[in-house]
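Q: Listed here are the chains, written in short residue letters.
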Amino acid sequence: MSTFSKDIIGKIKKEHIPQKSKWTFFIKYFLFFLVFLMALILGALAFSLVLFAIFEFDFELFSHPGVSPFQYMLTVFPLLWLITFFGFFFLASYGVKHIKKGYKLALWKIIGGNILGSILLGLLLFFFGGAGFLDQHTFLGEHRERQHIKFWSHPEQGLLNGIVGNVYKQEKELFVVDSQGKSWKIEGSRLPNHFWEIVADDLQGKKVKVLGNIIAPDTFSAEMILPWHRGGFRGYRMDPEHQEKMRQFHETPEGKMMQRQHEEILKKYNLPISRHAL
Amino acid sequence: MTDIDFSQLSDEDLALVARENVDAFGILVDRYEKPLMRYILRLSKFSKAEAEEILQEVFLKAWKNLQGFDSSLRFGSWIYRIAHNATISEFRKYKSRGGEERMEWNDELYESLPDSIDLPREINEKVNAKGVRKVIELLPEKYRSVLVLRFLEEKSYDEISDILHIPLGTAATLVSRAKKQFLEKAKEHSIHFS
Numbered sequence: 059m060s061t062f063s064k065d066i067i068g069k070i071k072k073e074h075i076p077q078k079s080k081w082t083f084f085i086k087y088f089l090f091f092l093v094f095l096m097a098l099i100l101g102a103l104a105f106s107l108v109l110f111a112i113f114e115f116d117f118e119l120f121s122h123p124g125v126s127p128f129q130y131m132l133t134v135f136p137l138l139w140l141i142t143f144f145g146f147f148f149l150a151s152y153g154v155k156h157i158k159k160g161y162k163l164a165l166w167k168i169i170g171g172n173i174l175g176s177i178l179l180g181l182l183l184f185f186f187g188g189a190g191f192l193d194q195h196t197f198l199g200e201h202r203e204r205q206h207i208k209f210w211s212h213p214e215q216g217l218l219n220g221i222v223g224n225v226y227k228q229e230k231e232l233f234v235v236d237s238q239g240k241s242w243k244i245e246g247s248r249l250p251n252h253f254w255e256i257v258a259d260d261l262q263g264k265k266v267k268v269l270g271n272i273i274a275p276d277t278f279s280a281e282m283i284l285p286w287h288r289g290g291f292r293g294y295r296m297d298p299e300h301q302e303k304m305r306q307f308h309e310t311p312e313g314k315m316m317q318r319q320h321e322e323i324l325k326k327y328n329l330p331i332s333r334h335a336l
Numbered sequence: 002m003t004d005i006d007f008s009q010l011s012d013e014d015l016a017l018v019a020r021e022n023v024d025a026f027g028i029l030v031d032r033y034e035k036p037l038m039r040y041i042l043r044l045s046k047f048s049k050a051e052a053e054e055i056l057q058e059v060f061l062k063a064w065k066n067l068q069g070f071d072s073s074l075r076f077g078s079w080i081y082r083i084a085h086n087a088t089i090s091e092f093r094k095y096k097s098r099g100g101e102e103r104m105e106w107n108d109e110l111y112e113s114l115p116d117s118i119d120l121p122r123e124i125n126e127k128v129n130a131k132g133v134r135k136v137i138e139l140l141p142e143k144y145r146s147v148l149v150l151r152f153l154e155e156k157s158y159d160e161i162s163d164i165l166h167i168p169l170g171t172a173a174t175l176v177s178r179a180k181k182q183f184l185e186k187a188k189e190h191s192i193h194f195s
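Listed in order, the protein sequences are those of chains A and B.
Quick note on numbering: the first sequence equals residues 59 to 336 in the working numbering.
Quick note on numbering: the second sequence equals residues 2 to 195 in the working numbering.
Simulated from the structure, these hints should not be mistaken for laboratory data.
For each residue, glycine too, the CB sits at the ideal point set by N, CA and C.
Be aware that one or more of the hints could be misleading.
As the list claims (entries may be wrong) - A few chain A residues that don't get close to chain B, going by computed Cβ distances all over 10 Å:
| # | residue |
| --- | --- |
| 1 | 62 |
| 2 | 126 |
| 3 | 132 |
| 4 | 134 |
| 5 | 142 |
| 6 | 169 |
| 7 | 184 |
| 8 | 188 |
| 9 | 196 |
| 10 | 201 |
| 11 | 214 |
| 12 | 281 |
| 13 | 311 |
Claimed, not checked - Here are some chain B residues pointing at chain A (derived, C-beta under 8 Å):
| # | residue |
| --- | --- |
| 14 | 17 |
| 15 | 20 |
| 16 | 23 |
| 17 | 31 |
| 18 | 61 |
| 19 | 66 |
| 20 | 162 |
| 21 | 170 |
As the list claims (entries may be wrong) - Derived lysine-lysine pairs resembling DSS-like cross-links, with alpha carbons at most 27 Å apart:
| # | chain 1 | residue 1 | chain 2 | residue 2 |
| --- | --- | --- | --- | --- |
| 22 | B | 143 | A | 69 |
| 23 | A | 80 | A | 69 |
| 24 | A | 155 | B | 65 |
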């Protein structure tokens, strides 16, 4: 042994310099792996929410003269989720770099692998309904929903949203209570026949988007009536706040009058009174 | 077990034994004392005494972290990495104190380098170790490190990858860029290889 190594060994022995436990290293690698795994999963989740939001886009609006596609995209584009996705993507890449031999991986492999992993997991979440569930049943969808409602709350610009009350097929009319609690008579003579023949039967109580224009103070002429969610008129989330506003509307003299009118019409045509009626 | 028994073991096996036996670690210190000392001097502008202090720190750190040594890797790469990080860290502290300006070219340091430097041959087939060292010192840290490891320490790309914790391809690219930079700097400072 050289003098130098004797000095080193002597110092270790004399000062009883301990070695770090192997668990310290195991835990370190495990934590980095956990960071990578969680970031990958959360990135996938963010990506699936981006997909969900994109599938919720109202592309029909782009042909509507009153709507600027740019303004629409600015309001509803899921930028927050996209940034979140990239944030988790970078975190996952950081995790990979620090797991055992992770540094051996080329940058393009880390980027490609993480993006592919997040996208594949995200697609699975999206197609198996996980993204839709999270968007509609947790706080994760609140921002998107708020933006969506905000965009569709401009009747003066031909954009109306609300829950369908009474439907009068023969008259091609229906009533909608909007998110502010205001009741609108929707005049639907411009809507295609199949709407009145098929869709209108199952419309009561459903949340819809109505594209058209105001023709009288409380009357809106519909050019298009769309389900609130892309999934169709089934499986939507009924906003509890909106539901409460509807209930309050039913208590008003106007609501009660509408209820009476509805029942009179049903009696006139000898139809059963619907349990969903206002 | 005696020293002789230990000396027959490979570095990696010795490192595993050294987890339980400090004397086995002494053999590793013996084996790596000179190469690491040379590496620290080549990488930095420290004096021999300063480099010795760093070297001591390197071996103590290696001892403390021995349980974390992955025996699927080369022990040499592992301890070179510790030496690399310690040297760079100390060198940065030194530079932040304005040390670079005060540092003079140290001929004694240069003389302590072995004669087997063949970097010039690798680069332009001319031999002038003093000139090489001068030019290497002008290079940015990342290029200096790869050139020293590749041509002075004669490490493979795989070992460089393990020492610097960079992908294999990146190691090769860095060496190639460093060679170009080396020639540019030599030209820029009118350093000619005879």
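Q: Each hint should be assessed against the structure and marked as holding or not.
A: Verification of the hints:
1. 62: It is violated; residue 62 of chain A is separated from chain B by about 5 Å at its closest Cβ, not greater than 10 Å.
2. 126: holds (47 Å)
3. 132: holds (40 Å)
4. 134: holds (40 Å)
5. 142: Residue 142 of chain A is indeed farther than 10 Å from all Cβ atoms of chain B, at 28 Å.
6. 169: holds (12 Å)
7. 184: holds (33 Å)
8. 188: holds (35 Å)
9. 196: holds (39 Å)
10. 201: holds (39 Å)
11. 214: Per Cβ check, residue 214 of chain A is outside 10 Å of chain B; nearest 59 Å; holds.
12. 281: With a cut-off of 10 Å, residue 281 of chain A remains clear of chain B, as the shortest Cβ separation is near 58 Å.
13. 311: At about 75 Å from chain B, residue 311 of chain A clears the 10 Å cut-off, so the statement holds.
14. 17: violated (12 Å)
15. 20: holds (7 Å)
16. 23: Interface hint status for residue 23 of chain B: holds (6 Å vs cutoff 8 Å).
17. 31: holds (5 Å)
18. 61: holds (7 Å)
19. 66: Holds, about 6 Å.
20. 162: With a closest approach of 6 Å, the residue 162 of chain B hint holds.
21. 170: Holds, because the Cβ-Cβ distance from residue 170 of chain B to chain A comes to roughly 5 Å (cut-off 8 Å).
22. B/143 - A/69: Roughly 33 Å separates the two Cα atoms, so the pair is violated.
23. A/80 - A/69: Holds. Residue 80 of chain A to residue 69 of chain A sits at ~22 Å (cutoff 27 Å).
24. A/155 - B/65: Holds: residue 155 of chain A and residue 65 of chain B sit about 23 Å apart, inside 27 Å.
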